[in-house]
Amino acid sequence: MMSLARQFGGKTKLNTSNLPQVSDPEKAYADITREDYENYLKDFRGFEERLIAARDDTSLIDQAREDALKQSEIAGQIQQRNVERYGGAGLSMVQRQEQQRALQRGGQLNLAGGLNNALIQQREINQKTLADLINIGQGVNRSSLQGLGDASAMAANREAAYKNAKAQHSANMMGMGAGLASAAIIAFGI
Amino acid sequence: MSSKPKKQEYQATESEKISASVSKAEKDYFNQTYGPLLKEMRDISEKEELGGLARGRAQADTMQALTATPTLTATRGVDTAADLASAAAAQQIQGSGQALASQRERQIGVLGTARGQAAEAQAGLARAAKISSTKQLEEARAKQTIRQARSNALKQVGGALAEQGQKNLQSYPTGNQQADQPGFLGRLFTPYQDPRTQNTQADD
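So the protein lines, in turn, are chains A and B. Numbering of the first sequence is given in this note's numbering, commencing with residue 1 and proceeding in unit increments. Numbering of the second sequence is given in this note's numbering, commencing with residue 1 and proceeding in unit increments.
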């Protein structure tokens with residue numbers, strides 16, 4: 001076996017003396033193809049199914065509801081701290097109440113507007129996911145059809161070769177029979 | 001007459017054998033080295049919390065923009081808190097949306113690679129770091145700026161008025177107020193005019 005030792009950085013030694021022996025490339029190729037597909041099923045089929053299911057995801061919309069309420073609460077607390085920081089900020093009770101009402105109104109508007117925005121974004125992301133999945137699916141379809149086409153063409157070629165060989169064999173046998181018959185006629189002077 | 005075909009004449013050449021061996025070795029190496037990497041990427045794409053990062057960043061952006069310097073003007077504003085809540089909620093949606101989009105792109109990349117297609121280079125973190133400002137945040141920021149500018153302008157005008165008023169008041173002679181002198185507001189807005197100078201000017 002050819003030995004091509006190479007040294008990288010004085011540490012790693014790589015050589016070709018331990019290359020795997022491939023006595024039957026066709027079988028090796030068949031084994032690798034099968035193994036690759038089994039690995040794909042084991043490692044990625046579940047992932048693929050989860051991703052396909054994610055085209056109906058609603059996590060953004062669900063999150064938007066929580067966000068609107070949470071952010072109103074945070075803003076109210078900030079407002080309260082600032083009012084305390086400025087010793088009441090010279091606000092009358094009526095002004096404070098109006099601030100509270102404005103915050104409540106804003107909260108409701110946030111909820112409505114936030115849900116609408118989240119809906120649009122969610123739809124956009126889901127549709128992009130769907131489009132990307134379709135692209136991948138097209139690739140899968142194309143390669144599987146190509147594989148089947150190759151297998152079918154090879155089967156057809158084999159079939160044709162078999163018929164040709166049979167025809168050739170018949171022709172040979174007939175030729176041989178005719179030759180033998182001719183030789184017999186000549187030999188026996190029939 | 002030609003001789004019978006020999007089996008050994010149809011065997012693979014040395015170069016073919018080496019080529020097949022190298023290919024097999026490369027394939028094994030790929031399976032051992034890159035296979036686990038793709039599985040790692042698969043796990044990252046499913047489990048990585050890009051959303052938390054993006055939402056945290058979005059919240060920080062909002063709070064830095066709108067609450068970094070608390071002012072009395074903003075505190076007294078009726079709709080300040082409502083604007084803040086609106087901007088923050090919109091930024092949160094924006095952050096969540098971009099994180100989800102990044103996650104999906106990465107997952108699609110992994111699946112595409114697993115399915116034998118080239119994966120697109122993904123930059124989920126970079127995308128999360130570039131959360132664009134939402135309309136609500138810009139509006140709230142602009143509103144706050146206007147409110148602050150108005151307050152500053154009022155302060156400037158008030159300051160100038162007070163300064164000039166003080167000068168006007170100081171221009172009047174101290175001591176007993178003369179009968180012909182204007183009242184406090186009059187003195188505040190009108191500088192002292194010496195009656196003698198006024199008379200001279202009238203004579204001229």
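Just so you know, not all the hints are guaranteed correct.
[As the list claims (entries may be wrong)] Not the full set, but computed from the structure, chain B residues with beta-carbon under 8 Å of chain A:
| no. | residue |
| --- | --- |
| 1 | K17 |
| 2 | S21 |
| 3 | K27 |
| 4 | I44 |
| 5 | K47 |
| 6 | P70 |
| 7 | R76 |
| 8 | V78 |
| 9 | A101 |
| 10 | G112 |
| 11 | R141 |
| 12 | T145 |
Keep in mind that the hints were calculated from the coordinates and are not lab data. Built from N, CA and C at the ideal position, the CB exists for glycine as well.
Checked hints:
| no. | hint | result |
| --- | --- | --- |
| 1 | K17 | 7 Å, holds |
| 2 | S21 | 4 Å, holds |
| 3 | K27 | 6 Å, holds |
| 4 | I44 | 12 Å, violated |
| 5 | K47 | 12 Å, violated |
| 6 | P70 | 5 Å, holds |
| 7 | R76 | 5 Å, holds |
| 8 | V78 | 5 Å, holds |
| 9 | A101 | 5 Å, holds |
| 10 | G112 | 5 Å, holds |
| 11 | R141 | 15 Å, violated |
| 12 | T145 | 17 Å, violated |
Consistency with the previously given hints fails for numbers 4, 5, 11, 12, ordered from lowest to highest.
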